[in-house]
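Trainee: Each chain, written out:
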Amino acid sequence: MQNAGKGMSLSEAVERYVHDGALISLGGFSATQCPMAAVHEIIRQRVRNLHVAACSNGQAVDELIGGGCVARVDIAYGGNGRFAPTCFRFRRSAENGEIAVEDYTNYQMTLRFMAGAMGVPFLPTYSSLGTDIVNKWGYSEEDRLHDPRLPSKKLVLMDNPFNRTERVDRLVLVPALQPDVTILHAQKADQSGNVQLLGLLFSDVEQAKASKEVIITCEQIVETDELRTNPDKNQILNFQVSAVVEEPWGAYPCALYGYYDYDPWFLREFYREAARDDSQWQDYLEKYVYGVRNRKEFLELIGADRLQNLRADEEVGYNPRLNRR
Amino acid sequence: MAEYSLQEMMAITAARGVRNSDIILCGTGIATLAAIAAKKITAPQASIFFETGAVDVQFGQMPLSLADPRIMHGAIRLAGLAESFGIIQNRTTGRNILSILGAAQIDIFGNLNSTAIGEFRRPKVRFSGSGGGCDIGSLAGRFWIFMELGKRKFVEKVDYLTTPGFLDGPGAREKAGLPGGGPEKVITDKATFRFDAETRKMYLHSIYPGFTAGAVQEEIGFKIDLTRAVEEQAPTEHELDILRTQCDPDRMVLKS
Chain A
5 MQNAGKGMSL SEAVERYVHD GALISLGGFS ATQCPMAAVH EIIRQRVRNL HVAACSNGQA
65 VDELIGGGCV ARVDIAYGGN GRFAPTCFRF RRSAENGEIA VEDYTNYQMT LRFMAGAMGV
125 PFLPTYSSLG TDIVNKWGYS EEDRLHDPRL PSKKLVLMDN PFNRTERVDR LVLVPALQPD
185 VTILHAQKAD QSGNVQLLGL LFSDVEQAKA SKEVIITCEQ IVETDELRTN PDKNQILNFQ
245 VSAVVEEPWG AYPCALYGYY DYDPWFLREF YREAARDDSQ WQDYLEKYVY GVRNRKEFLE
305 LIGADRLQNL RADEEVGYNP RLNRR
Chain B
6 MAEYSLQEMM AITAARGVRN SDIILCGTGI ATLAAIAAKK ITAPQASIFF ETGAVDVQFG
66 QMPLSLADPR IMHGAIRLAG LAESFGIIQN RTTGRNILSI LGAAQIDIFG NLNSTAIGEF
126 RRPKVRFSGS GGGCDIGSLA GRFWIFMELG KRKFVEKVDY LTTPGFLDGP GAREKAGLPG
186 GGPEKVITDK ATFRFDAETR KMYLHSIYPG FTAGAVQEEI GFKIDLTRAV EEQAPTEHEL
246 DILRTQCDPD RMVLKS
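Chains A and B are the protein sequences, given in the same order.
Under the numbering used here, think of the first position of the first sequence as 5, with each following residue one higher.
Under the numbering used here, think of the first position of the second sequence as 6, with each following residue one higher.
Isolated chain A, as found in the complex (with noise of 0.2 Å):
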């Protein structure tokens, strides 16, 4: 069964592994390597009241809000490098009180996922000690108490046990978080759901191995034969993986190492206009989300002129070229 093949569409792979009340976990780090192409399609089904974990990522992140999917936030960052220092409407929902977060460090929320990879129930730093990160909870212990799903403490501290000096020698320990459902965008998978990643990794693998399901929405789809050739670069295996889908441009706007730019256009004007507003929030879902079917539709509507001036240099992995002033 693992070498199977599990290649289907995005709209069956969301519909099968994404239900209403998930604890979700989205690969990619501020606006590279994001699953936009999933996020649009979660939004485009509806997907309701879903507890979104991440360390920082922000243009998935805050589309999924924007779509109205989100209820609680787990996160460490939710800004978006230069183009946006604050995610948009992350901070509009926060502010509204739509959303609780829970705000953890980007150290504890890899920690969190690595966890969970590992089938540890906790892993320790010294991250934070003697801070709000410490001190106020997005969900309060009687939140906790009443939802089975939720970790009983967002921390704890301990002192090392195995301490022989006199020294304070305190440590966070930080719950493991296991997601329902993972989705990344990669570079390129087999049908059977090995998955070759390039560049910097984020925490991209520590999320997949810690979740129950992962859906993989890549470049290319290729022969197993093709990633035996490079298998340091396989990072996750068929055994953790239940979805394949190829969806090429599957990150944009965000950058894709190897394969495209981000679009400094569209993040720096025209989603800025868009998601600082909330009738033009509106516009701009029901045009580029609920406006069109799939991938391919949103991508005509960007238009391929736009998308071929991303396209990267294959010896820098991004488009030396770019305006993006």
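None of the hints are false.
Short, incomplete list of chain A residues facing chain B, as computed with Cβ under 8 Å:
| id | residue |
| --- | --- |
| 1 | Ser34 |
| 2 | Ala35 |
| 3 | Ala80 |
| 4 | Asn84 |
| 5 | Arg86 |
| 6 | Asn110 |
| 7 | Tyr111 |
| 8 | Leu133 |
| 9 | Thr135 |
| 10 | Val172 |
| 11 | Glu210 |
| 12 | Ala259 |
| 13 | Gly321 |
None of these hints come from the bench; they were simulated from the model.
The structure presented is a predicted model; accordingly, all values stated were derived computationally and were not measured.
Cβ coordinates follow ideal geometry from the N, Cα and C atoms, glycine included.
With chain A fixed as given, assemble chain B onto it according to the hints.
Mentor: Same frame as chain A, but now just chain B:
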């Protein structure tokens, strides 16, 4: 004397303080600019690394986020967050880490807020959150803070303590169990600040040409020691030329 902007002054002031033994953990924007300038002007042996996992990054073009593909090509290693924060937390490698952070608010002990203004569950203003900032403030050998002066930024008490400075004063980091060295400098658009070794309080260290200690105090929401201030040296023609032509020729960060 050469004409320069305050942004250029900030970047060059920061760059001058970098040592060859530093591993510079970089944020985007002016922090990246300062790191590139440091390598070209004062500390060519320093290494630049990003928390996303890119090590000894070569800058063909200015990156616009910590995940920009521009930090990937030519790096000596591309890993992920688990490895890079491990490098920062590890006491052997972590002590050489110098990081430059930004924030929305700072207090007299160098504690930073990048999470929220107002009640954090229903904030008046919500910001991005820690990202790696709290990790760096907790674990890195030392860190600097880049901020513009202003009474709403330099506050008596931060609304949310995201990144630990010296917490509530002398001995507090040690008592909490934080292994990193804490904040070393605050670099602003008009002056720089350091932290007293005894009281751990921020004091005025240097003033940029054309500003006075009184004017600096006016823009800070707490009383600060002004007695130790020296004048910061303006950027030289040589430094400005390198900054403009070699560090950010496309003017992605520098305002033209």
